[in-house]
Amino acid sequence: MTTPVLSARGLVKTFGRVVGLDGVDLDLHRGEVLAVIGDNGAGKSTLIKTLTGALAPDAGEIRLDGELVSFKRPQDAREAGIETVYQTLAVAPALDIASNLYLAREERRPGVLGSVLRMLDKKGMRDRAQQSVQELGISTIQNMAVPVESLSGGQRQAVAVARAAAFGSKVVVLDEPTAALGVKESGQVLRLVEQLRERNLGVILISHNMPHVWEVADRIHVQRLGRCAGVITPESHSMTDGVAIMTGAMALPA
Amino acid sequence: MTDTRTSISGGSGPARTGPPARPGPSAADELARRRSSPAQRVQHLLHGHPAISPALILVLTVVVFASLNPRFGEPQTISLMVQQTAVVAALAVGQTLIILTAGIDLSVGAVAILSMMLMAKTASENGLSGPVALLLGLVAGIAAGALNGFLVTRLKLPPFIVTLGTLSVFTAMALLYTGGRSVQQVAMPDLLNWTGEIIRVGDFRITTGVLITAAIYLVAGFALSQTAWGRHVYAVGDDAEASRLAGIRVNRVLFSVYVAAGLIYALAAWVLIGRAGAASPNAIAGANLDSITAVVIGGTSLFGGRGAVLGTLLGALIVQAFTTGLSLAGVDDQYRLLAVGVLVILAVSVDQWIRKVRA
Ligand SMILES: Nc1ncnc2c1ncn2[C@@H]1O[C@H](COP(=O)(O)OP(=O)(O)OP(=O)(O)O)[C@@H](O)[C@H]1O
Ligand SMILES: [Mg+2]
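Residue numbers (the UniProt record's numbering), protein chains in the order written: chain U, 1 to 254; chain S, 1 to 359.
Result set (DMTMM-like, lysine to aspartate or glutamate): computed pairs, CA atoms no more than 20 Å apart in a straight line: (1) U:LYS123 - U:GLU135; (2) S:LYS356 - U:GLU149; (3) U:LYS72 - S:GLU241; (4) U:LYS122 - U:GLU107; (5) U:LYS170 - U:ASP27; (6) U:LYS184 - U:GLU215.
Just so you know, the hints here were simulated from the structure itself, not pulled from any lab data.
Using the sequences and the accompanying hints, generate a full structural model.
Here is the structure:
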């Protein structure tokens, strides 16, 4: 068995008296889509936040390519090759699409303008943003100069997904990337997830949509009440089983 | 954020159905017609270019006052107005930076006075040379800004509270240090008085202080619109948590903004020495509210993330135009206050309105 690209052992995260994560293990391999399902409040978002530097776990360890890592902030995880679409999307509404795609990794003009005056390469970023959005097959966003606040919820989601897909080099984490999307747009995101898998990235996909999960996932991590209730596959279990495990109606043999 | 959850009912849980079939062309036409209503087009325009409304107000103000009193349009009057605006306009740049991050700075004037008195007194009493005294004053401004920034980012106190506190602290420090006494022009080295030197441009007379203010605007405008740092200032003011998740070092950006503001206040203090022809610990009493007024009339949103220094410059000029225009018209100064108050409320209302824009 190869070393997982991302793995976690015994992750614990509490918020005062509320237990968000209660000792969770997770393994993600390259070229794999790992879905995470669970009821509201099961700890899915908390799990991926601790994996991506948005929250510091109280206990437990995280390894990237087998190396122990400790991300102090989302920037650290990003620099290590982990891109995340958070449930809240993390876009700056007043900035345009291109600025959002390049947020916190802006590119500067070549030469003195960039090195001394630190001038942004606005046109270059806009062009490259346009190009990557096209390559990713995201048709919902067109004009890169439009401020994100004027977009629909689904389009904003597309911006966040495009950002993660365009820059992820090892792992891409998607927290409910299709929640606000229509059928066609959801389909585009699922194709994108498959593309990422083909590029040999590890993908974590959180979703409440069971048909989506069963369509693209290689393995499914079922999160329940802050713990992992088990890891299943679309072949080993039906959607009904998955929901039953999620809600506690069915228990997996330990 | 919209959170239209899809069904989690197991088995063949119905996938979310797509958007409803498009309504007939009549409804679409209706929508297009409504969308292009004049009011909405104005709303869009202002949304994209927030400096337009203060620019229009400034032009209108100038036209009205010039027609009321021809002296208003004379080079002499205009020169004086520009000179009189220089200090508040410079201070307002720092205030703009902080308001863009959804903060507010009540210690503007206090920081400026403290740095000014430090420059003036170390030069006049401790015999420091002009450049050293100036440098000391600038460092004091930076340190004051750093203290504000530290309290806001590390102790997570609201900027209003932090600067309300430092307003008193810095004011007290300046008064204790000087015993409330001013330093006269003659006692200060040339470099400190240099900002009062007159430069003739045709019929107009500006001061070197005005040039310093202009330089502050150029540098701040460039940094905000052309650099990654500027982008991050807007992003942090827009949504700090989203910025953090997107990988911006939010605290670092905030801290840098307070430090930059402190430096700008100290530079404004230098301009003030030239303008007032002395350094007095009781100068610019209204600096806090005047700077906030200029920022708000200039179209920068008090909620952060929206605005530009160009608007602030226009805002400062509008207030000055009212002051000069009404006094030339022989109107009681209280009417100026009244007019400025109305403008502030108007500006914030316009801001609220254009924030509701949707493409
Ligand atoms: N910042 C926080 N402060 C306090 N409690 C929190 C915080 N974040 C999460 N929690 C709590 O931790 C638990 C897990 O929350 P989490 O957001 O991870 O759930 P989730 O599985 O992502 O749910 P959803 O499907 O609604 O997105 C919940 O009980 C929640 O109330
Ligand atoms: Mg969640």
